[in-house]
Amino acid sequence: MNILELKQVSKSFGAKKVLNKLNLTVPTGSIFGFVGENGAGKTTTMKIILGLEEKSNGEIFIKGKPVHFGDNQTNHLTGYLPDVPEFYNYMSSQEYLKFCGEITGLSKAQLRQKIPEILSLVGLTNDKKKIKGYSRGMKQRLGIAQALLNDPELLICDEPTSALDPSGRNDFLKMLATLKGRTTILFSTHILSDVERICDYVGILDQGELVVSGRLNELKEHYAKDQIEIEFSGEAELIHFTKELQNLMDQKIINNYSFDSQKNRFVLTYTQEYEVVAQGLFQLFERNQLYPRSIKKIDPSLESIFLEVIQ
Amino acid sequence: MRNLYYFTKKELFESWRTSRLLILLIIFLIFGLMNPLMAKMTPEIIKMTLNEALAKTIPEPTSLDSWTQFYKNLTQIGLIVLALMFSGTVSNEVSKGTLINLVTKGLRRWSIIVGKIISLILQWSFCLLVCFLVTWGYTAYYFPDNKSPYLFQAVFPLWLFGLLLMSIILFSSTIARNNYEGLLLTGGVTVLLVMLNIFDKVKHYNPISLVSQNLNFLQNASAFKEYAPAMILSTILFLITLLLSILIFNRKKL
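For the protein sequence lines, the chains are F and C, in the order given.
One point on numbering: in the numbering used here, the residue at position 261 of the first sequence is 686, and numbering is uninterrupted.
One point on numbering: in the numbering used here, the residue at position 23 of the second sequence is 47, and numbering is uninterrupted.
It is worth saying that the hints were derived from the structure and are not from the lab.
Cβ coordinates follow ideal geometry from the N, Cα and C atoms, glycine included.
Please note: incorrect hints may appear among the correct ones.
[What the hints assert, rightly or not] Some, not all, of what chain F presents toward chain C, calculated at C-beta under 8 Å:
(1) Glu478
(2) Tyr505
(3) Pro507
(4) Pro510
(5) Glu511
(6) Tyr513
(7) Phe524
(8) Cys525
(9) Glu527
(10) Ile528
(11) Thr529
(12) Leu715
(13) Tyr716
[What the hints assert, rightly or not] Keeping only pairs whose Cα atoms sit at most 30 Å apart, straight-line, the calculated DSSO-like set for lysine-lysine is:
(14) Lys96/C to Lys490/F
(15) Lys276/C to Lys446/F
(16) Lys441/F to Lys277/C
(17) Lys677/F to Lys721/F
(18) Lys277/C to Lys557/F
(19) Lys557/F to Lys645/F
(20) Lys557/F to Lys64/C
(21) Lys64/C to Lys33/C
(22) Lys277/C to Lys432/F
(23) Lys533/F to Lys33/C
(24) Lys557/F to Lys96/C
(25) Lys688/F to Lys721/F
(26) Lys533/F to Lys120/C
(27) Lys64/C to Lys96/C
(28) Lys276/C to Lys432/F
(29) Lys96/C to Lys523/F
(30) Lys33/C to Lys557/F
(31) Lys557/F to Lys276/C
(32) Lys564/F to Lys277/C
(33) Lys554/F to Lys120/C
(34) Lys554/F to Lys523/F
(35) Lys277/C to Lys488/F
(36) Lys446/F to Lys277/C
(37) Lys34/C to Lys533/F
(38) Lys668/F to Lys721/F
Could you put the whole structure together from the sequences, leaning on the hints where they help?
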């Protein structure tokens, strides 16, 4: 069951095509990482989903209900955290959440119960301090509090961690991970490590098209290559090892290799079992008296998938 | 409708918390106090600055002088202050992005525009009422004459023009990118209305007559009826600009 479906959605700004027949499905209950470089069209996609921006073509459904620009019939199903959430600085967080709750249709009794609860969930104190005095991290927390206030079935977060410091980012991701099971999260970012940390589904957007989409572990299995990284310190060892590499390829221990001359680093790609490849390499080192500075098995990562698919 | 109430409440709360309403109240209160006082003091000031013989030629001030000050101050400074204060009412919120959270929470776009116009009308009416009551009280105290018989007929057109001005401010702010653009547009429309008054034929239809003929309304009961077309046209223009603001805002990118 998918909570969100985008079918053939296109968007142009003048002659510039930002989204090109985008198809996207977000399964209910997932944390979906929506990945793309800056300017790939992530924010535009999210704004179209929320009915804040007009699409040129295509259809969008949230829980089967169509989304139309300027009409917020589906907004009661969603919560939105913009990249830089803006509030009324003359209000306190309590007053702001009360106002948002009133708009959402929550009763006074519900608000009395929910506001302290949600402020505590996001780690903000329930005091009368004005939002004007809040740090960036505190505003982000208040942003998520307002987004969660109406218990949305779909929470849309637009690059929520990009402007936070490492500690704030860590706290925010921890908090977002705790929401799993409570709501479906569509989380856009260009920070791949954030996606790897909390998302179970990933979609990669490149030049307005979804180039890949699916479960993160399945994508890793499908796209990732088995690789070993070897670094040498000496020039003589480098030359010697380069000569021996052809033998490894002939013996089909490795498939191919690349070399980074600035870092004196080889990256070997293989399809055999890791143990077989490692054994062949260590025998080669022993036989030729080669002592690499480092040997590292490269685990499949989202970064490698990302770099491969956007090439 | 419930959301319209909450948004209007937020607008009024904003005016109070940001001291905008307090500033307006103080300005209009000062006007209210100054109008009769200036009328009373003017002959004394002339007496002190010019010679007494010349001062004797100046007629004794009346309630009409006090109300002249009232309409002069309100139309020349009061309305400009309001335009300056409210010119960014929509554009500031759009450029800052403060409406995004509310619209994505289900707040209908029309409630934003209608809520804003209600708040503007309430603030304008409140300021005008304060200024009017203070001027009225002091004028009755200083000048107990019968030279200004039609107070309501004179102030009602000013209030109505204020309503039209509020809707023009709102409309300008809806299509503008910032408050300077909004202010420029509002100023442009007002100048256009002033220029139209050059043609004598349109005088009775031109909304600007509602703020230029007040002393006439104050003294002649028949003048009020003569300018009824201007009042009807102002009401129609008010509704049109409000409707246009809603339609434009519905298509506006937030």
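Discussion item. Let me make sure I understand: some of the numbered hints might not hold for this structure. Which ones are they, in numerical order?
Written reply: The structure breaks hints 12, 13, 14, 19, 20, 21, 24, 29; every other hint is satisfied.
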